[in-house]
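> Those sequence lines, one after another, are chains R and L.
Just so we're aligned, residue 1 is where the first sequence starts under the numbering used here, counting upward by one.
Just so we're aligned, residue 1 is where the second sequence starts under the numbering used here, counting upward by one.
Keep in mind the hints are simulated off the structure, nothing from the lab.
Check before you lean on any hint, since a few could be wrong.
[What the hints assert, rightly or not] Simulated pairs of lysine to any residue, SDA-like, Cα-Cα distance not exceeding 20 Å:
#1 L:77 x R:131
#2 L:97 x R:46
#3 L:97 x R:59
#4 L:77 x R:187
#5 L:97 x R:58
#6 L:77 x R:122
#7 L:97 x R:13
#8 L:77 x R:181
#9 L:97 x R:17
#10 L:97 x R:54
#11 R:57 x L:97
#12 L:77 x R:147
#13 R:164 x L:47
#14 L:97 x R:56
#15 R:164 x L:37
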Amino acid sequence: MNDLALILDRCRQGDELAWEALVRQYQSRVYAVALQYVRDADEALDLAQDIFVRVYKRLDTFQGHETFPPWLMRLARNAAIDHLRRRKARPPRRDIQVEDNPPLPDTGPLPDANWESQGRRQLVHDAMGQLTSTNREMILLKEIQGLNLKEIAELLGIPVGTVKSRANRARLELARAILALDPSAGMTSP
Amino acid sequence: MNDTSGKNADMSSHQREKMIKGVLERTSGSPCGRARELICAQAGDTLEKVDTVLLAGHTAHCPACRSLATVMAWMPKPLLELAEIDPGEAFTAAALKNMLPWRQRVARRLRNCGEEWASLVRRPRFAWEAAYIGATIIGLLFAAPISPLRNVPGEALRLAQANPVQALVEVSRRQLPMTMVEWSDAAWAATGGRAGSITRIWRDDLWDRLGRAWEAGAPLGSDTAELGSALWASRGDRIRNSIVRIKTDFHDIRTELATASPRNNSHKQQNSSGEPHGR
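Just chain L, with the same shape it has in the complex:
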């Protein structure tokens, strides 16, 4: 009999909660949102007395809000305990070390670098390590696919295998004397081949001397200006004589042309003026 009445009482409690929930859903909505506001205010000790009673009434029947209120109630203590956490013994020393004026820090670091370098060099393996690092650097410089110096070893080998004098002369013939050739052709065209042939002779002579100077060990530089200076210094008299000769030839040609022109002109004038006379 008692069991039956207890079961009835439980069922009525369950039904009562269900009924309250149904009424709230159809009227004001769930009170949990408002209850959570009050839970926050309660944690901040800003809750009015009536609200305290209302909140207690709600949490008594709402497990979710009750759990939240419980957590909110014990939360401040562990939060306050998180305000200070010991970073350990070494922290103070490390922090103070960082506060040294920068001059002292730089001086200390330099001093340490010197000591570290000295101890590094004294190690028996240093030579092996240095060789390894050097080989790695050279390998990266000359063998890496993206390195701009990648073709240098091949070129150097090719040059070393070829006749260096011949190679230099070939390169020079290809690259340097374009203006000289043009100038020679122009002189050829202007002077009817006389001065042009002289400059061609001089040009060929210059290349021969260049080869001989190279074989004689003259200090030839890679730059055109250096090359010219070196040649001038080593075989200056002969080159100078060649240029003087060319200059003299040009002067003679110009004189001949100048003297030939008035003669031709006067001859033409004589012809043109003589005819009427003859007539």
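Bound-form chain R, shown alone:
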């Protein structure tokens, strides 16, 4: 039994410390997912909390044979869809412009962090905002969260082949969006 399984087991028994450990372990990941769905830092905080509340309430439904990240992604996705639906029904007081992407929050201590990598990260984040929701979700699940094709297919309820073609298309669209935002990005060597 690995550490995560032990922590989950303790969480189910109502151990607050285990729950805190789980929140601390996954909060950055959940917040990153929430941010990609709602594209607003404050809303993403609310959504991330909502996702953790759902995890807390439904932890008993998590089966041991499942891997935790895809299960968490499923809950996060459902919570994000509900949140967006509510937002559509009751729009926020201020419009969230796609061009008005807020600066990306600090992604934590990165040893090799420099202005170029931060600039690229911000550029990719902005370009994600230009994508359709389908393509953005595909990039989020496949490239950012690193789920495999089968997990994405199960999560979205579509065939693996469709996931593959959509992932390729989404990656291409993202590259085009990056080039549209900054044409010099295509001249930089990797």
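Take the given structure of chain R and dock chain L to it, following the hints.
Then chain L, alone, in the frame of chain R:
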């Protein structure tokens, strides 16, 4: 001489590209679509060796596909860096606060509400604020154009300015005794005016007593049943006597009619039977 040959070489390169483009347009079409497929596959590390060579050959001469390939090559790293974003120090505490069992949350909220209310009441401005809020509510209730209670203050003022007893009697005369009037008219028609006049007298007497009861401060209610009960309680003996009197009168009338009818009938019978006898 060298410059001229270099210029010639450039021109030939340009012409060569133009020629290749022309051939491709007239045959297989633009290869950029296929190149982009290969760029995607290259990003996924599923490209065959021959395709790698072909793609390199294309991107060397196609700036658009080269830019795309360059971006696709560096894109995975910043994408992976987006996988985790620190939501800040306060997030964990806020998230854990939301996980408390609902009973504890409700208890905490109630406790906080009590404390907040106590601190709110202790503030010096509380009386002013309460008065302001109360006035606003009253204003909205009685002055808003869509409020159903909008006419209430005007009616109340009108009633207060008028004689309350007279107003009550007028309203009662208009609304309550329709059945009594009808009953009185029916009695008038049925009894040739005798019982009808009695009920009319009784009705007028009842209204007089109603006015007197009001002036005497009898507890009259707004409902008809309450009004009747109050009257009965305050002037019960006199009303009861009136009703008994009416009842007695009706009984007398009925007796008179009953006794009169056989007499008339027998008189008619005597007349009708007497004639033949006389004849």
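> Would you mind marking each hint as holding or not holding in the structure?
Results for each hint:
With a C-alpha separation of about 19 Å, the suggested pair residue 77 (chain L) and residue 131 (chain R) falls inside the 20 Å cut-off, and the hint holds. Annotation: proposed proximity of residue 97 (chain L) to residue 46 (chain R) holds, straight-line Cα distance about 13 Å (limit 20 Å). Between residue 97 (chain L) and residue 59 (chain R) the alpha-carbon distance is near 17 Å, which keeps this suggested pair within the 20 Å criterion. Taken as a hint, the residue 77 (chain L) and residue 187 (chain R) pair is honoured in the structure, with Cα atoms around 17 Å apart against an allowance of 20 Å.
Taking the CA atoms of residue 97 (chain L) and residue 58 (chain R), the gap is about 17 Å. The hint holds against a cut of 20 Å. Using a Cα cut-off of 20 Å, the hinted pair residue 77 (chain L) and residue 122 (chain R) holds, with the two alpha carbons roughly 12 Å apart. Between residue 97 (chain L) and residue 13 (chain R), the direct Cα distance comes to roughly 18 Å. Compliance with the 20 Å bound is thereby established for this hinted pair. Taking the CA atoms of residue 77 (chain L) and residue 181 (chain R), the gap is near 18 Å; set against the 20 Å cutoff, the hint holds.
Note on residue 97 (chain L) and residue 17 (chain R): the hinted pairing holds, with a Cα-Cα distance of about 13 Å set against a maximum of 20 Å. Restraint check for residue 97 (chain L) and residue 54 (chain R): the C-alpha separation of about 14 Å stays at or below 20 Å, so the hint holds. Distance restraint check for residue 57 (chain R) and residue 97 (chain L): the Cα-Cα separation of roughly 14 Å lies within the 20 Å cut-off, and the hinted pair is therefore satisfied. This hinted pair checks out: residue 77 (chain L) and residue 147 (chain R) have alpha carbons roughly 16 Å apart, not beyond 20 Å.
Straight-line distance between C-alpha atoms of residue 164 (chain R) and residue 47 (chain L) comes to about 15 Å, which keeps the hinted pair within the 20 Å bound. Distance hint between residue 97 (chain L) and residue 56 (chain R) is fulfilled; the C-alpha atoms sit about 12 Å from each other, no more than 20 Å. This hinted pair checks out: residue 164 (chain R) and residue 37 (chain L) have alpha carbons roughly 12 Å apart, not beyond 20 Å.
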